[in-house]
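*Asks:* Given next are the chains, with one letter for each unit.
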Amino acid sequence: MKFKYIEEFFVRILMGAALALVFAFVVGIVFTVFHRGWSCISWEMVSSLPGGGFYIGKEGGFLNAIVGSVYIVGASTVLGLVVSIPVVFYLNVFLRSSSKLAYVARLAYDVLFGIPSIVYGAFAFTLMIWLGLRTSLLGGILVTTLLIIPVLIRSMDEIARNFPRDLLDASYSLGATRLETMGVVLRQIMPGIATATLLSVGRAIGDAAGVMFTAGFSDSIPTSLSQPAATLPLSIFFQLSAPQAEVQNRAYAAALVLTGIVLVISLVGRFIMHRFSKNKI
Amino acid sequence: MSSIRIAREKTAGGVMFLLTAASLLLVVAMGIGLYFKSAPILEEHSLWELLSASEWKPFRNQFGFFPFIMGTVWVTGSALVFALPVSLLTALFLTEYSRSWVKRWVYPALDILAALPSVIYGVWGTLLIVPWISERFAPRFVEYSSGYTVLASSVVLSVMILPLLVSLFVEIFSTVPQELRDASQALGATRWQTSRKVIIRRSLPGIFAAVVLAVSRALGETIAVLMVCGNLPQAPHSLFDACYPIPALIANNYGEMLSLPLYEAALMFAAAILFVVVLLFNLLSRIILYRIKKA
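Those sequence lines, one after another, are chains A and B. Per the working numbering, residue 1 is the first one in the first sequence, and the count goes up by one each step. Per the working numbering, residue 1001 is the first one in the second sequence, and the count goes up by one each step.
Each hint should be verified, as a subset may be incorrect.
Each computed BS3-like pair below joins lysine-lysine, with the alpha-carbon atoms no more than 30 Å apart [stated by the list, open to error]:
| # | chain 1 | residue 1 | chain 2 | residue 2 |
| --- | --- | --- | --- | --- |
| 1 | B | Lys-1294 | A | Lys-100 |
| 2 | B | Lys-1197 | B | Lys-1103 |
| 3 | B | Lys-1103 | A | Lys-4 |
| 4 | B | Lys-1010 | A | Lys-100 |
| 5 | A | Lys-4 | B | Lys-1197 |
| 6 | B | Lys-1197 | B | Lys-1010 |
| 7 | A | Lys-2 | B | Lys-1197 |
| 8 | B | Lys-1293 | B | Lys-1103 |
| 9 | B | Lys-1197 | B | Lys-1293 |
| 10 | A | Lys-100 | B | Lys-1293 |
| 11 | B | Lys-1197 | B | Lys-1294 |
Read the hints as simulated data drawn from the structure, not as lab findings.
Start from the sequences and build out the full structure, keeping to the hints where you can.
*Replies:* Next comes the structure, spelled out in structure tokens:
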């Protein structure tokens, strides 16, 4: 047999191995987290606040972290959408595709997307000290908003770029201004907005390094924007660094909750993509 | 009537322009902010001294970043070595070999890997990888290892950058015109020969850009690495040494940094190093990727 066929055979085996490895990682991670978390989780953990002596293994749960994460993620997603929908609209409708500004802005958002959340956190922290603010829910919301805006813009832009130009022309020919064409555009890129939102929720809920600096941590549910707030990833991280097995077990339970949320988001996102776009896999 | 509509259009256009331009301003503001915050330490120590000294004793005014830089380099480098072959093979398989029903399973799997939060990777690392290294793998090579090592960090990191690499590679490979594949196969080349001599060769700039992008992603990864790296301020000499990458340094010490003005400046300097490196890497690779997409 010729060498090239032998080579082909081996490469196919290697590719099979690479693919098997990818699946092994996915199944391995999800199984590890679920297996370890399932034996620890109880209703009390997800429904109650940390009691006295929580961090040495006494009573309580991590409801504070769940609620804190929901506050931060919800508020920052809404803020992020308010900022990024106009930007995407501007890039694709107001600017020509050959525009220098559009090029530079896209580049800037791609770069911002690449900047690690710990740098966002450090930057926001210095800003907050400069403004005389303490770690608070507001700080966490703002830094998370900054963190997800690039995700939102880039993934919506990806869809909006394939927007049929004829629809714009049809709208203009009826006498609509560019701004009034927004309704047409929004309706067309709706699935794009939905998937972008889910993507950014996924990134926002999993971020730990950014909120570590800005939102701080607290054992109670914040009642105003100026109080510090706990988040799920940080709660997992802090509890896992404790030496007591009881505290660590709660970290595994919290990891199970977080992974569950993220998995659901990811599957729903795929479903929406699949349902509403015909030319994508 | 129409003048109101035009005025509204103009104002909206202005507001949207400001929002768009704010992205640029944010990049610039970050650079300036971090520079000013790290200026005090640059006044007291020279840049070269900070980067090359290896003593880290903030309370004795010794700030050597060398161990942390080496930790970052080791972890990122070995993560890339692990992730590159797997992601190249997977991407080639997806674009050149696979049938569509296989893709329907692989893409969601990669999606899940991309969506899992950093801290979950950390939990997985401490539960599975660290014990495996300290009990099974390391004893074959060294006498004792806690498991919290460069190896553990880079295994975790390599899985984290895998989905990014695969999706970039798939995107790049699918810009190679079908005619080139047909021409190669018409000359009797096997699929692998086509992949190696046509697809990969033509995609080399793109592969380079994707690798740079993945490296910059790995550089800034914080929590997952922090949980498995061992956090010892020493320059690692092998895969079985503990290490202390820059993001872990920032995250671990931000609580006590306000106790000393120079300490704060030192950590902000660390963030500035990360910012500059990531910024340059991202600019370089994005510009290459834009060119490829346009062509």
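*Asks:* Take a quick look at whether B:Lys-1197 and B:Lys-1103 sit within 30 Å of each other, Cα to Cα.
*Replies:* holds, 24 Å
*Asks:* Holds or violated: B:Lys-1103 and A:Lys-4, Cα atoms, limit 30 Å.
*Replies:* holds, 26 Å
*Asks:* Does B:Lys-1197 lie within 30 Å of A:Lys-2 when you go C-alpha to C-alpha?
*Replies:* holds, 18 Å
*Asks:* Measure nothing beyond the straight line between the CA atoms of B:Lys-1293 and B:Lys-1103; if it is 30 Å or shorter, mark the hint as holding.
*Replies:* holds, 22 Å
*Asks:* Are the Cα atoms of B:Lys-1294 and A:Lys-100 separated by 30 Å or less?
*Replies:* holds, 15 Å
*Asks:* Does B:Lys-1010 pair with A:Lys-100 here, judged by a C-alpha cut-off of 30 Å?
*Replies:* Holds, at roughly 20 Å.
*Asks:* Straight-line Cα separation of B:Lys-1197 and B:Lys-1010 no greater than 30 Å?
*Replies:* violated, 53 Å
*Asks:* Given the hint that B:Lys-1197 pairs with B:Lys-1294, test it: the Cα-Cα distance must not exceed 30 Å.
*Replies:* holds, 23 Å
*Asks:* For B:Lys-1197 and B:Lys-1293, compute the direct alpha-carbon distance and say whether it is at most 30 Å.
*Replies:* holds, 21 Å
*Asks:* Is the hinted pair A:Lys-4 and B:Lys-1197 satisfied, with a Cα-Cα distance of at most 30 Å?
*Replies:* OK: A:Lys-4 and B:Lys-1197 at ~13 Å, within 30 Å.
*Asks:* Does the alpha-carbon distance linking A:Lys-100 and B:Lys-1293 stay inside the 30 Å limit?
*Replies:* holds, 17 Å
Going through the hint list in order, the structure does not satisfy hint 6, though it satisfies all others.
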